[in-house]
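Trainee: Just so you know, the sequences run in chain order A and B.
The first sequence lines up with residues 1 to 174 when you count with my numbering.
The second sequence lines up with residues 1 to 100 when you count with my numbering.
The hints are simulated quantities; they were obtained by calculation from the structure and are not laboratory data.
Note that beta-carbon positions come from the ideal geometry of N, C-alpha and C, so glycine has one too.
None of the hints are false.
Which chain B residues stay away from chain A? Per the calculated CB distances, all over 10 Å, these: (1) Y87; (2) I95; (3) S96; (4) R97.
Partial chain A-side listing against chain B, Cβ under 8 Å, derived: (5) A25; (6) I63; (7) V70; (8) G151.
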Amino acid sequence: MTIVFYTASAVAIAATILMLTRLHAVHALLYLIVSLLAVAVVFYDLGAPFVAALEVIIYAGAIMVLFVFVVMLLNLGEEAARAERALLKPSMWIGPTVLAVILLAEFVWLLVCSGMPPAAQAGIGPVEVGMALFGRYLIGVELASMLLMGGLVGAYHLGWRKSPITEVTNAARP
Amino acid sequence: MLPVREGFVLAGVLFTLGLIGVLVRRNVLFVLMSIEVMLNAAGLAFVVAGMRWRQPDGQIVFLFILAMAAAEVSVGLALVLELYHQYKSLDTDAISRMRG
Chain A
1 MTIVFYTASA VAIAATILML TRLHAVHALL YLIVSLLAVA VVFYDLGAPF
51 VAALEVIIYA GAIMVLFVFV VMLLNLGEEA ARAERALLKP SMWIGPTVLA
101 VILLAEFVWL LVCSGMPPAA QAGIGPVEVG MALFGRYLIG VELASMLLMG
151 GLVGAYHLGW RKSPITEVTN AARP
Chain B
1 MLPVREGFVL AGVLFTLGLI GVLVRRNVLF VLMSIEVMLN AAGLAFVVAG
51 MRWRQPDGQI VFLFILAMAA AEVSVGLALV LELYHQYKSL DTDAISRMRG
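Please work from the sequences and hints to get the whole structure.
Mentor: Pasting the structure below:
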């Protein structure tokens, strides 16, 4: 257990340092995703499998996809093509791949060698978290939903731009 | 044996790295990514503390941090797009001047 924790911590710190020193946003995003995956392994090793799964699904999945979409929206044209060509060079993706393979090896080792996952023995599973979340912390869930609603409306408002078509239809309307 | 102290050290190191990123980098996308790292480190500290006392509360606070990060990123990235649309640049120094 300890070796898994220390290896994942080292991967997380190394990936974060590499993220901060990249020049291209896409390369930094790759390292940031690896860093979040490493923290997810740390969570799993600590005995919090539910949070580990959410870290992978929401942080490394949904939020990072938002970042990737914005980076794709910003780099249009010839520069994007050059960046794509540079991205396909092995020197660009070899670093994140090595770090991710270390995490994968830890995952396989946890599944195969230690028999039961550590969370099933001593951790706090999704049941306890769910019971407390929708019991004592119900008002927090409601507040979080209002916050997400505010984020949705804010992002929509900021991203909304008057297109010529809607201006024409609005002008035609009495 | 739960590595509580090591977990807090990891959270502190990650938080410091995120703070350094916010202070050093001038690209607004990197600033947002560094803020993500800091939020993640704070959540890690909460989860470690929750596991130390064997309570689910730490994980619940992490869920709230997750929801907050999602809302923050959606608004922040919309602001980034607006910034790029108006200034054709992602440099935070481009918006350091007020118009008044």
